[in-house]
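This is what each chain is made of:
Number of protein chains: 2
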Amino acid sequence: MKIVVLDGYTENPGDLSWSGLEEFGELTVYDRTSYEEAPIIAERIGDAEVVITNKTPISRETIDKCPNMKYIAVLATGYNCVDYTYCKEKGIPVSNVPTYGTASVSQYSIALLLEICHHIGHHSQTVFEGKWQNNPEWCYWDYPLIELEGKTIGIIGFGRIGQQEGKIAKALGMNVIAYDVYPNDFGRAIGEYVSLDELLARADVITLHCNLTPENTGMINKANIAKM
Amino acid sequence: MKIVVLDGYTENPGDLSWSGLEEFGELTVYDRTSYEEAPIIAERIGDAEVVITNKTPISRETIDKCPNMKYIAVLATGYNCVDYTYCKEKGIPVSNVPTYGTASVSQYSIALLLEICHHIGHHSQTVFEGKWQNNPEWCYWDYPLIELEGKTIGIIGFGRIGQQEGKIAKALGMNVIAYDVYPNDFGRAIGEYVSLDELLARADVITLHCNLTPENTGMINKANIAKM
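Protein chains in written order, with the numbering used here: chain A, 1 to 228; chain B, 1 to 228.
Don't take every hint at face value.
Note that the list lumps identical chains together, so a pair holds whenever it fits in one copy or between two copies.
Stated by the list, open to error - Straight-line alpha carbon distances no greater than 30 angstroms define the calculated BS3-like cross-link-like pairs of lysine-lysine that follow: (1) LYS167 x LYS70; (2) LYS131 x LYS55; (3) LYS170 x LYS151; (4) LYS90 x LYS151; (5) LYS167 x LYS151; (6) LYS65 x LYS55; (7) LYS70 x LYS170; (8) LYS55 x LYS70; (9) LYS55 x LYS88; (10) LYS2 x LYS88; (11) LYS131 x LYS65; (12) LYS2 x LYS90; (13) LYS2 x LYS65.
Don't read these hints as lab results, they were simulated from the structure. The structure presented is a predicted model; accordingly, all values stated were derived computationally and were not measured.
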């Protein structure tokens, strides 16, 4: 069985090993192929049975050119790079990695919020420079400090990542409100589902965990405008 | 009734108002007096009934020199700046503010941890400088990224602030272990009490929420050495 990794660099810039995959067949790894539709994609897939991609698009044209393909694995959560509707028609299974980013993205998002609240890197650097030691009260701030307890976070897109961020925000003492087209009980246990308009009106902080479709992008603009 | 604030600057460098206190008597606010024992402390208290301090020490000598004092309010959590044993003997109540820092200090402590994990300020700055946009994979990191889920945080001093930090760490997916001389049920609901040696052996991250007494400082050194 032939296995082709089309864009291995993002996952493995040199610090990981692909040898686990070699056990399953003849493996070819390309660091990059093309992040836009291009003939090289089908050329590199050739007669491989298994195709592994991250951001390289697998279009209807590519699928037609590579009839040997039996399985497409997307090494990401979003699988919009694959024409999965056509794959379904052709009986080619497509898999993604739905949860690899749940903990890391929600943690990162909270880290961004805390950077706004504390400018930690700057503060740490100025402490090293002696600003704390030389301050008569041992107490200074170059930026306003923001305490999150009692403030309201509005989460647009309350899936796995949004809910996980909601849990952390709740532990920080924040009120959690969320907007999602598919409310569920996991979400209800963490926060309150509200309409988008209510979310924009009530939230002190807005965080987005949704696809950046044109429709959602319009929503984001609306959110920005409302808070400015 | 005379009220004296000995070191108002830390609480109110100009962005707050003392007028609420003026309703209760004749108020005098000094920005700073002395953070070490000095005759000026008793001179400024004079015949005031109420003394408000943050870091200015109120010693036995000062208490003897100011027999009119009926109440000492410490605008901080730690009240070691007041000879409270002698106050008790003299029947002078001393109050502190035990909880003003619970949310803010635990939030700040987590922000410090996330700075180590993400160097957010640096990353944000380099994104603004175009490093993300110009990266072929839209994916880069100048420092190793650390995911906290599944890692163990060891909290030395598991009082209000330590426990609140434990809740946030737990929401981040961390295992919480704690050392405290006074275990309680609130703490048991958040994490696992362990001995100090076990904490030092098991923790990936150590956070200190204890007084910096010489005994505890020795413990900190031990912790540092163990992790280096």
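At most 30 angstroms between C-alpha atoms: does LYS131 with LYS65 qualify within a copy, between copies, both, or neither?
-> neither (65 angstroms within a copy, 36 angstroms between copies)
Quick one: LYS167 to LYS151, C-alpha cut-off 30 angstroms, is that within a copy, between copies, both, or neither?
-> both (14 angstroms within a copy, 17 angstroms between copies)
How do LYS70 and LYS170 come out at 30 angstroms by Cα distance, when the copy is not named: within, between, both, or neither?
-> neither (44 angstroms within a copy, 42 angstroms between copies)
Evaluate LYS170 and LYS151 at a C-alpha cut-off of 30 angstroms and name the case that applies: within, between, both or neither.
-> Both, since 10 angstroms and 20 angstroms are each at most 30 angstroms.
Can you give me the call for LYS2 and LYS90, within, between, both or neither, at a CA distance of at most 30 angstroms?
-> Within one copy, since 19 angstroms is at most 30 angstroms while 87 angstroms is not.
Could you figure out if LYS131 and LYS55 sit no more than 30 angstroms apart (CA to CA) within one copy, between two copies, both or neither?
-> between (46 angstroms within a copy, 19 angstroms between copies)
Since the copies are identical, ignore which copy is meant and state whether LYS55 and LYS70 lie within 30 angstroms (CA to CA) inside a copy, between copies, both or neither.
-> Result: close within a single copy only, 19 angstroms intra versus 72 angstroms inter.
How would you label the pair LYS55, LYS88 (within, between, both, or neither) given a Cα cut-off of 30 angstroms?
-> Intra 20 angstroms, inter 70 angstroms, cutoff 30 angstroms: intra-copy only.
Measure nothing new, just compare the shortest in-copy and cross-copy C-alpha distances for LYS65 and LYS55 to 30 angstroms and report within, between, both or neither.
-> Answer is within; shortest intra-copy Cα gap is 19 angstroms, inter-copy 76 angstroms.
Is it within, between, both, or neither for LYS2 and LYS88, if the alpha carbons may be no more than 30 angstroms apart?
-> within (21 angstroms within a copy, 82 angstroms between copies)
30 angstroms Cα threshold - placement of LYS151 relative to LYS90 = For LYS90 and LYS151, neither the intra-copy (50 angstroms) nor the inter-copy (43 angstroms) Cα distance is at most 30 angstroms.
Which holds for LYS167 with LYS70 at a C-alpha limit of 30 angstroms: within a copy, between copies, both or neither?
-> Classified as neither; 39 angstroms inside a copy, 46 angstroms across copies.
This entry does not satisfy hints 1, 4, 7, 11, going by the numbered hints stated previously.
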